[in-house]
Structures are given as C-alpha cells and as structure tokens.
Amino acid sequence: MKIINTFVPCLYAFKYPENETDELERVFDEWADMEFLYDFFVENEIDIKTSIEEAIKKINNEAIFLRKKLMELAKANPNQLNQLFKNLNNYEYTNQDLSKQKARNRWLRLYAIKIDENNYVITGGAIKLTQLMQDRPHTNQELIKINKCRDYLKDHGVYDTDSFQEIFF
Amino acid sequence: MNNKNNIEKFKSLVSEEKSGWLEKAKKRQENKEWLKHSQKIAVKILRTLRMNKADKTGIGSQKELALALNVSPQQVNKIVKGSENLTLETISNLEQALNISLVFAEEKSSNELSKFEQTISEVEDLMKMYQTEKIEEFYFKHFEFNESYNLIDNYSISNDFQINEPKIDYKKSAPKEIYTNAGENHLKIAS
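These protein sequence lines are chains F and V, in that order. Residue numbers for the first sequence follow the numbering used here, so the first one is 1 and each next one is one higher. Residue numbers for the second sequence follow the numbering used here, so the first one is 1001 and each next one is one higher.
Since the hints were derived computationally from the structure, they do not count as laboratory data. Predicted model, so just to flag it, every value in this text is computed and none were measured. There's no promise every hint is true.
Within a straight-line C-alpha distance of at most 16 Å, the following computed EDC-like cross-link-like pairs (lysine to aspartate or glutamate) qualify [unchecked claim]:
| id | chain 1 | residue 1 | chain 2 | residue 2 |
| --- | --- | --- | --- | --- |
| 1 | V | Lys1081 | F | Asp29 |
| 2 | F | Lys145 | F | Glu18 |
| 3 | V | Lys1063 | F | Asp135 |
| 4 | V | Lys1024 | F | Asp29 |
| 5 | F | Lys57 | F | Glu18 |
Calculated from the model, a selection of chain F residues having no Cβ within reach of chain V, i.e. all distances over 12 Å [what the hints assert, rightly or not]:
| id | residue |
| --- | --- |
| 6 | Lys2 |
| 7 | Asn5 |
| 8 | Ala13 |
| 9 | Thr21 |
| 10 | Ile46 |
| 11 | Ser51 |
| 12 | Arg109 |
| 13 | Lys128 |
| 14 | Pro137 |
| 15 | His138 |
| 16 | Leu143 |
| 17 | Lys145 |
C-beta atoms are modelled at their ideal positions from N, C-alpha and C, and glycine is treated no differently.
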C-alpha cells in the first residue's frame, strides 16, 4: 500500500498492491472505459431508470465535469478542497447541500480520508446509484477500503481528524 | 495529538511515485471531441455483440470480431474501451463485420434532410393557405358565402402548387367575366 501525490495540492491517493495505478487515476480510467461501464450497467440495470446508453452518457458528462473541477483545483492557490469534500458522518451536510445533491442526481463519487484541515487522501471512488453504500456490493467494498486505509494510517501513527469524506460536486 | 506532528508523519508516508492522473486528464480534455465519437462507437459495438450473443446470430464476442477483422483481440479490446482514434477504414470494417452503421456523418445528414423536409412541408402548408385565402377572397367577392364555401371545398391543390378545378359544374351559376379574371390568379378556371 502506497500513498501517492496527485498534483492537486493537498490531495493524495492510495495505491493498492493489486493495482497498477493509484485510486484517483484508476477510477477515472474506469469511468472512461466503455466496456467497464457497459458491464457495470448491465449488472446494475435494476438501479437505473434509463437505457444503458443514456446511463453511460451521464457518466461521461459527470466525469468530464469532475475532471475539470479537479484540474481547476490543481491550479488553485490556496487549496480549495474543502469546497469539494463533505463529511458524511458528522452532519456536515446541510439540508441545502442534500437538496442540491438530490436535484443534481450525480452518480460519481470519490471517497477520501481527511488528515487535517487541508489535506485529504483518496481511498477510492464509485458509481453510486443507491442511497446507502451498504446497499450494493461495489459501494460496500469502498467502505471496506476506507476502513483498511484508516487502519494503515493508524498503524503508522497518523490519525484522521474526521470520519471518511465523500466528494460533493 | 499534535496536528503538525500528524501531518508530518503522514507526509513521510507519501511515496516519491507520482500519479498519472493529471497527464491523462489533460489528454482526455484535449481529445474530448473525438473521444465522444469513439465512446459512442464502442457502446454500439458492445450492444451489438451482446445482442448477437443472446440471439446466437452473427459475431457475438470480441474474439470472433478480432478474427473477422483479422486483428488481435487486444486491438478489439482497445476499440470497445472507447479510447481509440479510429480510422475510417477500421470503422468501415467494423460496420461490415457487424452489419451495423457507425458513421455519425450519415446520421447528421439524415437529420438535416428531415429538417429540410420539415421546412418544405411548412412552406407547402403556408403556400396552400395563401392559395386558399386567394380563392376565398375571390369567391367571397363574387358569390354568396355558402356557395363559395362549397366551391372552395371542391378545389384541390397539387404538389406543384397548381390549384385543380372542382369536379362539380359550378360554371353554370357564375358570370363569365369572373372565370376570365380568375385566370389571372392561376386558378385555371377561365372558360
């Protein structure tokens, strides 16, 4: 397990031994891979109300949007990551945030652990089609990864200030 | 726990290895226009392969497609990922092998054609309305309302915008000079 610098100031990403790329690069590769997306939506067709083609189009658009946001942040000084990440567990989400998110109905998520006020480390990402992460194996897997990463950090004497973070855009 | 100490410990864990994300992000941003086409083609190929496999007709796997195209399975896999800048030759070969249409230019021109047809049809309607108004104007001027209304109903307008005469014998009841005047309006009803 490695922690990699992502070029976005104060944003790091885990790289797991079984993967060739860090989690930020890996999830964006997946979201640009039509074969992966096609198979994913065939498997999760029950959770979408549109055709697979429309669902893929939505992912493409969201990935472009999120990529642009992160590229802007890569140039931003001082870092503005706090605008993007919200804590799911300590009510950092306001009602306004939630209703905004509901209205936007975005599917792509990045997950991260907050190290201190400014620094984040990405543990993974997912296409979240259901309300709870526990609802589907692929999002539940992300929860497992977050806990593994937290344990790794603890083992090395690093304690996260908050619970895990979910990107909000 | 001292925060400064915490972040220092964290930073000491950061590898010297750099993420390839930014480089890829820039490339995707630069190529986003043709990538859109490549992705659409990939999805259509994937849909076709899946349908063929289910129906047990035609090419149903990437391996079979590779054989039909005489390329490596790895090459086909790159195509279905939607990140290949495909040549027209490759697209044509894919179309022939899978018996589908992938060229978006064709779709665009057919859209344009249907827009054109729609416009023509709107113009036709307007011209018909205009001609009808002319006939109405003419007959309202010279006949009683009911009579003219019936007469107008019996007219038809051909595709070349010529107004065809009614089949009924209305001429008996109309004064001769009116038929002559009508000729000026291309109504072809002059005796």
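Here is how each hint holds up against the structure:
The suggested pairing of V:Lys1081 with F:Asp29 holds, with an alpha-carbon distance near 10 Å, which does not exceed 16 Å. Distance check on the hinted pair: F:Lys145 and F:Glu18 sit about 13 Å apart at the alpha-carbon level, within 16 Å; holds. Only pairs whose Cα atoms come within 16 Å are accepted, and V:Lys1063 paired with F:Asp135 is rejected, the gap being roughly 35 Å. The suggested pairing of V:Lys1024 with F:Asp29 holds, with an alpha-carbon distance near 9 Å, which does not exceed 16 Å.
A threshold of 16 Å between alpha carbons decides the hint, and for F:Lys57 with F:Glu18 the separation of about 29 Å lies outside it, so the pair is violated. With a cut of 12 Å on Cβ distances, F:Lys2 falls inside the contact zone with chain V, its closest approach being about 4 Å. A cut-off of 12 Å between C-beta atoms contradicts the statement that F:Asn5 is not in contact with chain V; the least separation is 6 Å. With a least CB separation of 6 Å from chain V, F:Ala13 falls inside the 12 Å interface cut-off, contrary to its annotation.
The claim that F:Thr21 lies off the interface is violated: its Cβ sits roughly 6 Å from the closest Cβ of chain V, which falls inside the 12 Å cut-off. Against chain V, the non-interface label of F:Ile46 holds: every CB pair exceeds 12 Å, the least being about 17 Å. With a closest Cβ-Cβ approach of about 10 Å to chain V, F:Ser51 is found to fall inside the 12 Å limit, against its non-interface label. Chain V leaves F:Arg109 outside its interface by the beta-carbon criterion, the shortest separation being 16 Å against a cut-off of 12 Å.
No Cβ of chain V approaches the Cβ of F:Lys128 within 12 Å, the least distance being about 20 Å, so the stated non-interface status holds. Its beta-carbon lying about 22 Å from the closest one in chain V, F:Pro137 satisfies the requirement of being farther than 12 Å from that chain. The Cβ of F:His138 lies farther than 12 Å from every Cβ of chain V, with a closest approach of about 19 Å, so its non-interface assignment holds. For F:Leu143, the non-interface assignment is confirmed: its Cβ lies about 22 Å from the closest Cβ of chain V, beyond the 12 Å cut-off.
With a minimum CB-CB distance of about 17 Å to chain V, F:Lys145 clears the 12 Å threshold, and the non-interface call stands.
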